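Participant: Sequence:
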Amino acid sequence: EGVTELINWFLSLWKEDNSVDFKNEFLQLLENYVTTHSPYEVLAKALYEVYRPQIDEAKTNNLMKTLFPHQVLSTIQASRILSAYNGVIIADSTGLGKTRVGINLTQMAINDGKNPMLIAPKSALDTHGKTKWTKHMYT
Numbered sequence: 017e018g019v020t021e022l023i024n025w026f027l028s029l030w031k032e033d034n035s036v037d038f039k040n041e042f043l044q045l046l047e048n049y050v051t052t053h054s055p056y057e058v059l060a061k062a063l064y065e066v067y068r069p070q071i072d073e074a075k076t077n078n079l080m081k082t083l084f085p086h087q088v089l090s091t092i093q094a095s096r097i098l099s100a101y102n103g104v105i106i107a108d109s110t111g112l113g114k115t116r117v118g119i120n121l122t123q124m125a126i127n128d129g130k131n132p133m134l135i136a137p138k139s140a141l142d143t144h145g146k147t148k149w150t151k152h153m154y155t
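17 is the number of the first residue of the sequence shown in the numbering used here; add one for each residue after it.
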């Protein structure tokens, strides 16, 4: 009974000529609440959502806590490739953290009881580099 009454009330309002066109006001109201985003922001958000599970997993890993987000993703991806193919090449532009990714991969292998082999340019393993490597290793 109550539902039928409500339906009839709604239909009577819908059929009456005293209905008000508020389309423009509604669109104006929406404009106040809708934020436009640049293509970069949309892509960044999409990538974050795609990789969120890996990022959340990395947040619980102590080895990953010192890395920047892009290094965390590189480490996770390299670790998957390493597991699948028993080897991985870390190749990235200068300054993006190949050494830090390598340190974390090496430490992860050591923690798993493996004996990793690391091939790196001499510049990455010079005296300063050795200090950097041993400083960041958790052995």
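No lab work stands behind these hints, which were simulated from the structure alone. Only a predicted model underlies this, so the values are computations on that prediction, with no experimental measurement involved. Watch out, some of these pointers could steer you wrong.
[As the list claims (entries may be wrong)] Pair ranges (Cβ atoms, derived):
| # | residue 1 | residue 2 | range |
| --- | --- | --- | --- |
| 1 | D33 | E65 | 41 to 49 Å |
| 2 | S35 | A62 | 17 to 25 Å |
| 3 | P85 | P137 | 38 to 46 Å |
| 4 | N131 | D108 | 21 to 29 Å |
[To be verified] Here are the simulated DSSO-like cross-link-like pairs (lysine-lysine), alpha carbons at most 30 Å apart as the crow flies:
| # | residue 1 | residue 2 |
| --- | --- | --- |
| 5 | K114 | K138 |
| 6 | K114 | K61 |
| 7 | K114 | K130 |
| 8 | K81 | K61 |
| 9 | K81 | K130 |
| 10 | K81 | K31 |
| 11 | K39 | K81 |
Where a beta carbon is used, it is the ideal one built from N, C-alpha and C, also for glycine.
Participant: For every hint, state whether the structure bears it out.
Facilitator: Structure-based check of each hint:
For the hinted restraint 41 to 49 Å between D33 and E65, the CB-CB distance of approximately 48 Å keeps it satisfied. The given range of 17 to 25 Å is broken by S35 and A62, whose C-beta atoms sit roughly 41 Å from each other. Between P85 and P137 the beta carbons are some 25 Å apart, a value that contradicts the proposed interval 38 to 46 Å. Between N131 and D108 the C-beta distance comes to about 25 Å, which sits within the given range of 21 to 29 Å.
Between K114 and K138 the alpha-carbon distance is near 14 Å, which keeps this suggested pair within the 30 Å criterion. Under the criterion of a C-alpha separation no larger than 30 Å, the hint pairing K114 with K61 is consistent with the structure, at around 24 Å. For the suggested pair K114 and K130, the alpha carbons sit about 21 Å apart, so the restraint of at most 30 Å is met. As the CA atoms of K81 and K61 are separated by approximately 21 Å, the hinted pair is consistent with the 30 Å bound.
Of the supplied pair hints, the one linking K81 and K130 holds, its CA atoms being roughly 22 Å apart against a limit of 30 Å. A hinted pair counts as satisfied when its Cα atoms are at most 30 Å apart, and K81 with K31 does not qualify at roughly 63 Å. The straight-line distance between the Cα atoms of K39 and K81 is roughly 51 Å, outside the 30 Å bound, and the hint therefore fails.
Figure legend: structure checked against the earlier numbered hints; hints not met, in rising order: 2, 3, 10, 11.
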